[in-house]
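Put chains X and A on the given structure of chain R with help from the hints.
Protein chains in written order, with the numbering used here: chain R, 1 to 449; chain X, 450 to 764; chain A, 765 to 941.
I should point out that these hints are in silico values taken from the structure, not numbers from a laboratory. Even for Gly, the Cβ is constructed at its ideal location relative to N, Cα and C. There could be a bad hint or two in this list.
As the list claims (entries may be wrong) - Quick list of the computed label-pair ranges, beta carbon to beta carbon: (1) G567/X with L287/R: 31 to 39 Å; (2) I598/X with A67/R: 56 to 64 Å; (3) G546/X with A67/R: 28 to 36 Å; (4) K606/X with L904/A: 37 to 45 Å; (5) F404/R with K606/X: 43 to 51 Å; (6) E130/R with E694/X: 33 to 41 Å.
Said to hold, decoys possible - Chain R is nowhere near these chain X residues, computed Cβ spacing over 12 Å in every case: (7) F498; (8) K513; (9) S523; (10) M721.
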Amino acid sequence: MSTSVTFAGATLPNGDVANVVVKNGRIVDMGVDVRADEGEVLDVSGLRVLPGFVDLHTHLREPGYEASETVLTGTQAAAIGGYTTVFAMANTLPVADTTSVVEMVWQRGHDAGYATVRPVGAVTVGLEGEALADLASMANSRARVRVFSDDGKCVADALLMRRALEYVGAFDGVIAQHAQEPRLTIGSQMNEGLVSSRLGLTGWPRVAEEVIIARDVLLAESTGARLHICHLSTAGAVDIVRSAKARGVRVTAEVTPHHLLLTDDSALDYDARFKVNPPLRTSDDVLAVRGGLADGTIDIVATDHAPHPTESKDCEWSEAAFGMVGLESALSIVNMTMVETGLLSWADVARVMSTNPAKIGGVGDTAGTLEVGRPADLVFVDPRVHRVFGPEDLGGRSANSPYFGREFPGKVVHTMRHGYFTVRDGSLIDAESVRSHAFADAGRVEDNG
Amino acid sequence: MQHLLSAADLDKESAISLLDLAEDMAETADRPHKKLPALRGRTIVNLFFEDSTRTRISFESAEKRLSADVINFSAKGSSVSKGESLKDSAQTLAAMGVDAVVIRHGSSGAPHLLAHRGWIHVPIVNAGDGTHEHPTQALLDAFTLRRRIHKNHSRGKDLAGVRVAIVGDVVHSRVARSNAWLLTTLGAEVTFVAPPTLLPASADSFPVAMVTNLDEILRQRLDAIMMLRIQKERIQGAYFPNEREYTRVWGLTADRFGALNENTFVMHPGPMNRGLEICSQAADSPSSTILEQVANGVFVRMAVLFSVLTGNEEL
Amino acid sequence: MAARNVLQATDIQRALTRIAHEILESNRGAAGLVVLGIPTRGVILAQRIADIIAEIEPGVHVPVGALDVTMYRDDLSQTPSRVTTPTRIPGGIEDSTVVLVDDVLYSGRTVRAALDALTDAGRPRAVRLAVLVDRGHRELPIRADFVGKNLPTSHAERINVRLVETDGDDLVQIAGD
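So here's chain R without its partners, still in its complex pose (with noise of 0.2 Å):
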């Protein structure tokens, strides 16, 4: 195989067109006449080059609910939404709460070859929020965790949450919280308010994640430690955010794209799809976020990439799992709810999509900058193509999109991974051939020490 790959005529994020040359996995040159001096050259002018995408809330099910995605199934899907790194939930089967779980996780990963898994440690032992996991453990492992969550389940003793907050600290981790009050949110199936009063449905208050974020920006500012607020949904919680990073508390947020798009008036259907934690809110909420997207109150888009077998939503609304694939649809979205209205450039996307994720994560020396020297990972976005996403456009092993239908601006054309590509011309590249190139660069690229 070619090392060498010239990309003519590329759009960089700025706006700027140039030719970007990948040798032996890295960014060896950018500009407008360079080439490399043997090779392919490809041409895509019109695209959209940006830093391979990283997604800090992914998950991949895997150990333990392989039927709905697996480590490898759930990096192809990553891989078609233009992702080169994905942080890999610990909500498994066991949890990933020990150095083993973590390990095998990163290990999956790193053989698959379509993205760069990091895996994410619980807080406590098994997500039960009653003690700490082994945190520093995990964070010296060959996994090298750097974020820690119980996501999926919230964080809710408010000593734990101190005290991790402080013991990550140790090893520059991050605890990302999972804002749900317990009680506040019992037996709840979508957000309180008229729809969910029309449908009989329980509702889920907006204060039940405002409570907890409140409270935890609190901690932080105490302890001086470092938090990162998964999935935020509400008006409320984007002042809370802003206000505390006002007055310097280190804290960051993420908010999915299916929060900048939907609303709960989705659920009239009873369609399950529709059916995440935390529930779809307002259009006022949704306003809200992406405004504090733009502001750089919250900080990243990340997907929560949530899998489910279609007999978990295909099924009584309470029955039903909460959740739905996104990093297929991801940049579309974020495409057609913050570039389309104006509130992003595509340099902000690289930035909430690539750069801030891959900071908070811990991985921003290697991953989330386009620059020469750096790993190769990129993706080549075509902006002005518009398709109706279907089940065709999925790459996990799961199907709960509530997208189906919908008309999408925006598709990703090509991924790279250190140097190969995992996407190209939009379809996924066979797992054989990636794992033969993932195996020949490990030797090459070491991302992961």
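Just chains X and A now, with coordinates in the frame of chain R:
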């Protein structure tokens, strides 16, 4: 009318037609031979995922009065208790060739899924879903009210100007929801009365007034007061402190009943907690419509089943 | 579509008068008679026949009512049903002679349904059938005892019975295909 899923789906004209049809059904009850052959040869399944003997036997009576073949399918002891999904139950019934499904389910929206997911293509009647709706209960309440007010001249009448207070655990009540839609569609003015913890989260959810002071409502002209069953489990959810306080502040006590205008009807969907939300004096008084409600339930269910199964386009 | 008038107002009046006389004759007076119309126009015709009987035999009161047959139709599962109308049977039908009245007798299926409905309402001594128009094409072994006018028709034709009470005038038409 293809299905009956929500009282909100009925417009005034179709609601009145249904109530008029129920009047015709009621007349047959006085005849020596009560059975009508209308649904002879049609099979109706009562698919009850939630125990409710009252509602099931009411539907079953209605079905038998119309000569339908009845299959009772209850969750207990069936494949449902072995974890069979709603989808599989529905597809099984479809394969058996049933003609209509009456469904009672603990999950809001389950009847909607049966009607719209393509698992089964027969008329679906909602017999109570979760905390969503119970449209036949609202129909029988409206029927009962209309008969009390207009007596033998009920046919064709609406409930314009009729003032109804619905008191109690509104937020968890499918009866309150269905009545809010149907009674207001028929022109009634409905007020929800409950502690703030038991009122819907959004005041705009229903076309009704929402207040917390029962005594203030009782001082106004009121044509009917509908007391909802309060479940003691709500105490664990901190919706109210204890039963005694609930009764004192939101119950239809003997004192409150004594002060009530004698023309105000006392309604309750049953089963009652005597001494909790309603006193025996009220429940057993001539103002009480509680037993009529039960009797009328059969007639409105006959009307509903007849309409969905004979595809009456005017309803 | 061409419509041909076959009975004018006076023809209808004359036919009903003759039917009233025939009913009294066959019943040997008005005793025990109950006249029940099948909605919608049969009810009007039943009332008119009862009124004529009252003129012929002053002082005699013949109970008139309506018998809704919707619930007894045999085509409920095939065609959308009509809205039901109340059944009214003043005084009941036990041991009486019921005269069923309808505007047009065609397949006989409506009358079949009416006989079933009547059975559920009680046990009359005898049941007779009076129709304004018999257009033939019976599908059941049913015949009318009293007929205003026999009108041979084809299946494609349609009989329109118009009555003052519902339609503003009295007229029977055949509408061609």
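Structure-based check of each hint:
For G567/X and L287/R, the hinted distance range of 31 to 39 Å is satisfied, since their beta carbons lie about 35 Å from each other. At about 59 Å, the beta-carbon gap between I598/X and A67/R stays in the expected band of 56 to 64 Å. At about 33 Å, the CB distance of G546/X to A67/R agrees with the hint of 28 to 36 Å. Checking the proposed 37 to 45 Å range against K606/X and L904/A shows it holds: the Cβ atoms sit about 39 Å from each other.
For the pair F404/R and K606/X, the beta carbons lie near 47 Å from each other, so the given range of 43 to 51 Å is met. Checked against the given bound of 33 to 41 Å, the beta carbons of E130/R and E694/X, roughly 35 Å apart, stay inside it. For F498/X, the shortest C-beta to C-beta distance to chain R comes to about 9 Å, within the 12 Å cut-off, and the non-interface label is violated. For K513/X, the requirement that its beta carbon stay farther than 12 Å from each beta carbon of chain R is met, with the minimum near 29 Å.
At roughly 17 Å from the closest C-beta of chain R, the C-beta of S523/X stays outside 12 Å, upholding its exclusion from the interface. Separation of M721/X from chain R is adequate, the least Cβ-Cβ distance of about 22 Å exceeding the 12 Å criterion.
Hint 7 alone, counting from the list given before, is not met by this structure.
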